[in-house]
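Engineer: Can you make the complete structure from the sequences, with help from the hints?
The opening residue of the sequence shown carries number 33 in the numbering used here; numbering runs sequentially from there.
Just to be clear, a hint being listed does not mean it is correct.
[To be verified] Cβ pair distances, simulated, as ranges:
1. R282 x A133: 42 to 48 Å
2. Q218 x R60: 55 to 61 Å
3. V347 x A302: 16 to 22 Å
4. Q218 x F80: 44 to 50 Å
5. R342 x Y256: 32 to 38 Å
6. R282 x P329: 17 to 23 Å
7. N89 x L65: 14 to 20 Å
Calculated from the structure, these hints are not laboratory results.
Even glycine gets a Cβ: it sits at the ideal position worked out from N, Cα and C.
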Amino acid sequence: MARKPARAFAHKPEKSTGIGSDRDETRRARAELEFDEPGILGALFGQFDANLVQIENRLGVYIGARGNRIQIEGGEDAVARARDVLKGLHQRLLAGLDVDAGAIEGLIAMSSEPTLEGIIGGSEGEPPIMIRTRRKTIVPRSATQIDYMRALASHDMIFALGPAGTGKTYLAVAQAVSQLITGSIQRLILSRPAVEAGERLGFLPGDMKEKVDPYLRPLYDALYDCLPAEQVERRIASGEIEIAPIAFMRGRTLADAFVILDEAQNTTPAQMKMFLTRFGQNSRMVICGDPRQVDIPGGDAHSGLADAVRRLEGVEGIATVHFTRADVVRHPIVGRIVEAYEGPDA
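Structural biologist: The following block contains the structure:
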């Protein structure tokens, strides 16, 4: 039996501090929703109504519940966004997807987009946008992720540019794992430059794998989030999954593979050319990086990522997706940190 919500209908307090309050505080509105599946109300509202409280705090509305009815009060735009977020959460639960704080933040971020309902439930008979892996089903959490996930499914080569926390590498790994599971590719190859290593690799303890693993850790983290640990280890041992620094790509042709280059802003133009020309038959290549975080000597002027994006703009079969700080889908404070570092005083 579903937990009965503790929050009863009531009038919203006079002062609101959410993101919708400053814009439309003078235009008050009220909306009601009624859900026909009482068995999922506990998951919809969250433990001690935590999900409702999160929406309230972020959008500056008041949400009251009685039975299977929800009432939303606040500024006109904020109420409309809160209603869409709750409908989106409800559809996620009906589809068997998890609801957590991250999912709620993603829906809140997309609630200003006119495509929210189509993303969650599909539009005009089309299936919703999602990536299925062994461990989870992933749906977009920002407007740009929608375009990115579509590009991952349709283009041979994608450049994903933007700050940390926008899902560039994670979604690429998830798409690659999904295709590896279905057999549409035979290998998954993950690579990134080990900028700080260079000639100093020889001074680090251990064999080559132990020397470069610290630089490739984010790729391992994404893999373990999409596949059970034993499958990751087995596929690495068999060669189905390969994780290596970019220097190991030289002289190879990567056919029947999904190839991901992370931290691509730290490649040189020569390295990038070498990497891109490894592209083989029935392959897909994703190049991820943040053009504002170049660690190689010379900065942007010597970054292979910026050079490649400039040279390949408009080339058929290649898509470029630009993320901004508005697309950060980690904890909300990450977005505020990115904004502070990229603001006018940066």
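Engineer: Is the gap between the beta carbons of V347 and A302 within 16 to 22 Å?
Structural biologist: holds, 19 Å
Engineer: Go ahead and decide if the range 32 to 38 Å is satisfied by the Cβ distance of R342 to Y256.
Structural biologist: Holds, at about 35 Å.
Engineer: Can you let me know if the beta-carbon spacing of Q218 and R60 is within 55 to 61 Å?
Structural biologist: holds, 59 Å
Engineer: Evaluate the given range 14 to 20 Å for the C-beta pair formed by N89 and L65.
Structural biologist: Holds: the Cβ-Cβ distance is about 19 Å, inside 14 to 20 Å.
Engineer: Within 42 to 48 Å or not, the Cβ separation of R282 and A133?
Structural biologist: Holds, since R282 and A133 (Cβ atoms, about 43 Å apart) stay within the stated range.
Engineer: Given the hint of 17 to 23 Å, check if R282 and P329 actually sit that far apart at their C-beta atoms.
Structural biologist: holds, 21 Å
Engineer: Using the Cβ atoms, figure out if Q218 sits within 44 to 50 Å of F80.
Structural biologist: For F80 against Q218, whose Cβ atoms are near 48 Å apart, the range 44 to 50 Å holds.
In this structure, none of the earlier numbered hints is contradicted; all agree with it.
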